[in-house]
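J.: Read off the chains here:
Number of protein chains: 4
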Amino acid sequence: MICCHGLKLDEEVQEDVRRRLLSVKGHVEGVLRMLENDHVYCVDVLKQLKAVGGALGKVGDQVLQSHLRNHVVTAHERGDEERIVGELMEILKYR
Amino acid sequence: MICCHGLKLDEEVQEDVRRRLLSVKGHVEGVLRMLENDHVYCVDVLKQLKAVGGALGKVGDQVLQSHLRNHVVTAHERGDEERIVGELMEILKYR
Amino acid sequence: MICCHGLKLDEEVQEDVRRRLLSVKGHVEGVLRMLENDHVYCVDVLKQLKAVGGALGKVGDQVLQSHLRNHVVTAHERGDEERIVGELMEILKYR
Amino acid sequence: MICCHGLKLDEEVQEDVRRRLLSVKGHVEGVLRMLENDHVYCVDVLKQLKAVGGALGKVGDQVLQSHLRNHVVTAHERGDEERIVGELMEILKYR
Chain A
1 MICCHGLKLD
11 EEVQEDVRRR
21 LLSVKGHVEG
31 VLRMLENDHV
41 YCVDVLKQLK
51 AVGGALGKVG
61 DQVLQSHLRN
71 HVVTAHERGD
81 EERIVGELME
91 ILKYR
Chain B
1 MICCHGLKLD
11 EEVQEDVRRR
21 LLSVKGHVEG
31 VLRMLENDHV
41 YCVDVLKQLK
51 AVGGALGKVG
61 DQVLQSHLRN
71 HVVTAHERGD
81 EERIVGELME
91 ILKYR
Chain C
1 MICCHGLKLD
11 EEVQEDVRRR
21 LLSVKGHVEG
31 VLRMLENDHV
41 YCVDVLKQLK
51 AVGGALGKVG
61 DQVLQSHLRN
71 HVVTAHERGD
81 EERIVGELME
91 ILKYR
Chain D
1 MICCHGLKLD
11 EEVQEDVRRR
21 LLSVKGHVEG
31 VLRMLENDHV
41 YCVDVLKQLK
51 AVGGALGKVG
61 DQVLQSHLRN
71 HVVTAHERGD
81 EERIVGELME
91 ILKYR
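Chains as they are written, first to last, in the numbering used here: chain A, 1 to 95; chain B, 1 to 95; chain C, 1 to 95; chain D, 1 to 95.
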């Protein structure tokens, strides 16, 4: 079976993303351990959550850049630009 | 002189964006009038600023969608995909 | 008539915010002038919109800091903490 | 030893946050499983990352609301408003 109209995530990027997400997971586990502590300070939790969010944003950047480079710039040639632009705007649009 | 490597904002979108930005400008002027008042409440100002930011975000969505549709999906054919992806990531990247 | 339960924006901050917003308005007018040009590049517009958004965000920071400092940290003493927290969360909550 | 100047995360909120973060962790693990697949589509990954980011943002909202309610509105009474406002702005400020 062919995934996603034949457009799949670049292998190298996939490996990089996997590695980064493992680190995000480790970070979330770190915050979970903080929360087992009886005396955790709100602001310390907020700082960690913000850092996790930042790391997640950078993972997204990797995937987005790879998608632009490998699938979006060639969309007109393939003839699926309507779908490509629509689904991308769904993700990128302001809130 | 040829602007921007021959890639210019779609005329119809340009008109729509201009109209929306005029409304954003009017909104900013409204907040400025609020601030001439001696008794303005912080939260009312914050609400208005958030609304202006939202309107600005929607203007950006219009321009972004038009750029994707008219210039990004054809970048590989033109051969300028490196530049197109680079400058787009500069704008879209997570903070 | 007493505005906003007697809680008004600090005068000095109000002046600073007014000055910054005038600059935001000038920036929006600059983008409007760009859009009168027949050959404007999408990415140049997007960059300007992002800069305006950033300036707007900094205005918000000034107002927020002033609100926290002058009204939020004293809410329990006044007894209006329920309202103060509710309206602040409405503005700060994640999307 | 007294944590965080005696200001600790409300116990009930702490339990709710822990539960939500466990779910975020599960979600990240789900994306990691997606990435073991040979044929994963960029846009599907981006959608999942956006959903994880949204869930994380809601966790942050819980902690922030609890912090406002339990520590910020009483800061002036305790006399630590300078620190409280400073560290909060560090987290909330526009980028």
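Worth flagging that the hints you see were computed from the coordinates, not collected in a lab. Every residue, glycine too, gets a C-beta built ideally from N, C-alpha and C. Among the clues, some could well be false.
To be verified - Quick partial rundown of chain A residues pointing at chain D, CB under 10 angstroms, derived from the structure:
| hint | residue |
| --- | --- |
| 1 | V13 |
| 2 | L32 |
| 3 | V52 |
| 4 | G57 |
Unchecked claim - Here are the simulated distance ranges between beta carbons:
| hint | chain 1 | residue 1 | chain 2 | residue 2 | range |
| --- | --- | --- | --- | --- | --- |
| 5 | B | G54 | A | C4 | 39 to 49 angstroms |
| 6 | D | R83 | C | E82 | 56 to 66 angstroms |
| 7 | C | G6 | D | G79 | 44 to 54 angstroms |
| 8 | C | H5 | D | K47 | 11 to 21 angstroms |
| 9 | A | G6 | C | Y94 | 53 to 63 angstroms |
| 10 | A | C4 | D | M89 | 39 to 49 angstroms |
| 11 | C | D61 | B | N37 | 15 to 25 angstroms |
| 12 | C | R78 | D | E82 | 11 to 21 angstroms |
| 13 | C | D61 | D | E36 | 40 to 50 angstroms |
| 14 | A | G86 | C | E82 | 15 to 25 angstroms |
| 15 | A | H5 | C | R78 | 52 to 62 angstroms |
| 16 | A | L22 | D | K50 | 13 to 23 angstroms |
J.: Are C4 of chain A and M89 of chain D spaced within 39 to 49 angstroms by their CB atoms?
T.: Hint holds: Cβ distance 43 angstroms, inside 39 to 49 angstroms.
J.: Hint G57 of chain A vs chain D: min CB-CB distance below 10 angstroms?
T.: holds, 7 angstroms
J.: Determine whether the Cβ-Cβ distance between G54 of chain B and C4 of chain A falls within the hinted range of 39 to 49 angstroms.
T.: violated, 32 angstroms
J.: Would the hint on L32 of chain A stand, with a C-beta cut-off of 10 angstroms toward chain D?
T.: Interface hint status for L32 of chain A: holds (5 angstroms vs cutoff 10 angstroms).
J.: Cβ-Cβ distance between R83 of chain D and E82 of chain C: within 56 to 66 angstroms?
T.: violated, 24 angstroms
J.: In this structure, is the beta-carbon distance linking H5 of chain A and R78 of chain C contained in 52 to 62 angstroms?
T.: 60 angstroms Cβ-Cβ, so the 52 to 62 angstroms window holds.
J.: Taking the beta carbons of G6 of chain A and Y94 of chain C, is their distance inside 53 to 63 angstroms?
T.: Violated, at about 36 angstroms.
J.: Should the hint that L22 of chain A and K50 of chain D are 13 to 23 angstroms apart at their CB atoms be regarded as holding?
T.: Check passed, 19 angstroms falls within 13 to 23 angstroms.
J.: Take the C-beta atom of G6 of chain C and the C-beta atom of G79 of chain D, compute their distance, and say whether it sits inside 44 to 54 angstroms.
T.: 23 angstroms Cβ-Cβ, so the 44 to 54 angstroms window is violated.
J.: Cβ-Cβ distance between D61 of chain C and E36 of chain D: within 40 to 50 angstroms?
T.: holds, 42 angstroms
J.: That 15 to 25 angstroms hint for D61 of chain C and N37 of chain B (C-beta), does it hold up?
T.: This hint holds: roughly 21 angstroms between Cβ atoms.
J.: Let's test the interface hint: is any C-beta of chain D closer than 10 angstroms to that of V13 of chain A?
T.: holds, 9 angstroms
Checked against the numbered hints given earlier, this structure breaks hints 5, 6, 7, 8, 9 and 14; the rest are met.
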